[in-house]
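Participant: Protein sequence lines correspond, in order, to chains A and B. In terms of the numbering used here, the first sequence opens at residue 92 and continues consecutively. In terms of the numbering used here, the second sequence opens at residue 347 and continues consecutively.
None of these hints come from the bench; they were simulated from the model. Beta carbons: idealized from backbone N, C-alpha and C, even for Gly. Treat the hints with care, since some could be wrong.
To be verified - Cross-link-like lysine to aspartate or glutamate pairs, in silico, EDC-like; alpha carbons within 16 Å at most:
hint : chain 1 : residue 1 : chain 2 : residue 2
1    : A       : Lys-372   : B       : Asp-437
2    : A       : Lys-372   : B       : Asp-412
3    : A       : Lys-372   : B       : Asp-402
4    : A       : Lys-391   : B       : Glu-368
What the hints assert, rightly or not - Chain B residues, not near chain A, derived (Cβ > 10 Å throughout):
hint : residue
5    : Thr-350
6    : Met-369
7    : Glu-387
8    : Ala-441
9    : His-442
10   : Gln-450
11   : Glu-459
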Amino acid sequence: MAAPIKVFVPRETSAISLGANEVARRIQERGADVEIVRNGSWGMCWLEPLVEVEVNGERVAYGPVTVDDVDGLLAADFLKGGDHALKLGDVADIPYLKNQDRWTFRRCGLTDPVSIDDYRSNGGFDGFVAATKLAAAGVIDEVRKSGLRGRGGAGFPTGIKWQTVADAAGDQKYIACNADEGDSGTFSDRMLMECDPFCLIEGMMIAGFAVGADRGYVYLRSEYPLTRVIFEEALQTARDAGWLGEDIQDSGFNFDIDLHIGAGSYVCGEETAMLESLEGKAGIIRYRPPLPAIEGLFGKPTVVNNVISLASVPDILIEGADKYESYGVGRSKGTLAFQLAGNIKYGGLVEKAFGLTLRELIEDFGGGTATGRSIRAVQVGGPLGAYFPEILLDTPLDYEAFAALDGVIGHGGVVVFDDSVDMAAQARFAMEFCAIESCGKCTPCRIGSVRGTEVIDRIVADENRDANLELLGELCDTMVDGSLCAMGGMTPFPVRSAVKYFPEDFKG
Amino acid sequence: MNETYNKTEASELIQEFGAAPEMLVQILNAFVDKFSYISEEAIRQIADEVNLSRADVHGVVSYYHDHRTKAAGKRLIRICQAESCQAMGSDALTAHAEKSLGLQMHSTSNDGEITLEPVYCLGNCACSPAVMIDKQVYGRVDSKRFDELMSAGD
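Looking at chain A on its own, in the form it has when it is part of the complex (with noise of 0.2 Å):
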């Protein structure tokens, strides 16, 4: 009897939300002698559900699928690799794929994401063995060598900030990643977890190695539950397969990983605030110094690191810094996983090398607005982030090109928005949003942006117009100077964008 032929369905928050499960569950139903893997997402959202049959040892893919058309492409044999119009082929012959530059992505959507043969059989823990023979110094040198900075947003120099922690004197160290992924048109962290969870429990194991660490902690969004339902699993892959627990893999290294979940607070992003809530208290940042590298988690010292960042160095220690480094522009080495959303026409995940420009991801990739409107603002890097005009989607994707136009790449999420859009109302949401997420420490913060709110709509209602304007302008350098951190300090990025390069919608 021949084997069952196999089935991709994506097990992935985006795909589920546009059906995935339901199609899984009908192929099962009315098609003989399938297996369904559920793999992760390729990232190509608007392809999804995206499925998969493997033919002959090679992958057909077909998509968007709904729960309608699996009559017609069975009808079609699909299982055979049969014509649809539906059908994709490879995707790896999908130009939104094949011109991306996968490094951290590049099992995701390939593996069966809680199947530790599929990730070992696809260079899944090298990299461990790998630190493990370069030793702690070593693996810290690579990091460093290879340029990567810190992918939540702030972009420190990952391996400056392993060099202080294992710097630091204390006989107990720890690994806090941040998977609070709160930024608005932002999902990487979640595809990285969802599609490739061993990957950042590798990147964990790696910079528990590094810095002397033997305890690790997640702190996941609460947003994200089935997320959390596939990290959780892999922990426990992980730990059944002995390479998390003690003495892992006979190298004499110790770690295990702790699952925190969060409560829906935005602020706990902030690294300060996540490693207040991580000890069961509210999310109230604290002062910097004492750096958390040095007194962070519990006191102790503590890499704080983003999902993406941790995830990173995997395979630069099996393909080396300097193929990493290879990748980029300037000060921005490496790559990024791009988020396309928003009004956009191909929406989903695009790794890519640093210095691509705006308009080559949004209209290249992105294929413009999903309305088919002209587009008229982008707001790069979340809710923190400046808008951009259209005049300005030729600037080179690079954290110092961003930081000159008093922009931000951030976590690397891009929100288009059409021409119907009214700035103003943007503007009044980004104090709207602060007012309702500031954890309250700081005076700029807590009290700035409800007066921005204010401020904005006497600004719309006409009322002192000119005078209001120059007072909203005063009250952003305030928030910006004043704020203890990015909460409060980085609100004023998009008012003040909105201002400078809409003007025309602050006139009532």
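Add chain B to chain A, keeping to what the hints say.
Facilitator: Using the frame of chain A, we list chain B on its own:
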């Protein structure tokens, strides 16, 4: 379906986290998952068993959006209000939801069936606008799809 708060089960839940003060946020999350909300009585019990003051526990409960202190409806509908979804019409969707359900944001229907709340990003931004019903995320939700999702749950 959430269970009604009872002291014995609550105590077991606290013990699952070793009654450790550093697990307070996780304990409170577990209370919301199990009992739908955190009552005054629950705060008292947690404070007692974790060895914190009631003020400490209250301070944490009142800080986090997820730590609700009133029962949610049987179905919790959360509509994303963040930028990516705004760019795809979440305002119109929200207005439609409020009108069709006869409910304002942050409120629960009188029969205790539905709670409607805003949420700021579900990480489904390439498929905006996004809606979460209980723990399930839905993408590209327009008014029509919203109505279908609501009637599917009846």
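Participant: State for each hint whether it applies.
Facilitator: So, going through the hints one by one against the coordinates:
no.: 1; hint: A/Lys-372 x B/Asp-437; result: violated, 34 Å
no.: 2; hint: A/Lys-372 x B/Asp-412; result: holds, 14 Å
no.: 3; hint: A/Lys-372 x B/Asp-402; result: holds, 8 Å
no.: 4; hint: A/Lys-391 x B/Glu-368; result: holds, 15 Å
no.: 5; hint: Thr-350; result: holds, 22 Å
no.: 6; hint: Met-369; result: violated, 6 Å
no.: 7; hint: Glu-387; result: holds, 20 Å
no.: 8; hint: Ala-441; result: holds, 14 Å
no.: 9; hint: His-442; result: holds, 17 Å
no.: 10; hint: Gln-450; result: holds, 16 Å
no.: 11; hint: Glu-459; result: holds, 21 Å
Hint violations for this structure: numbers 1 and 6, all remaining hints satisfied.
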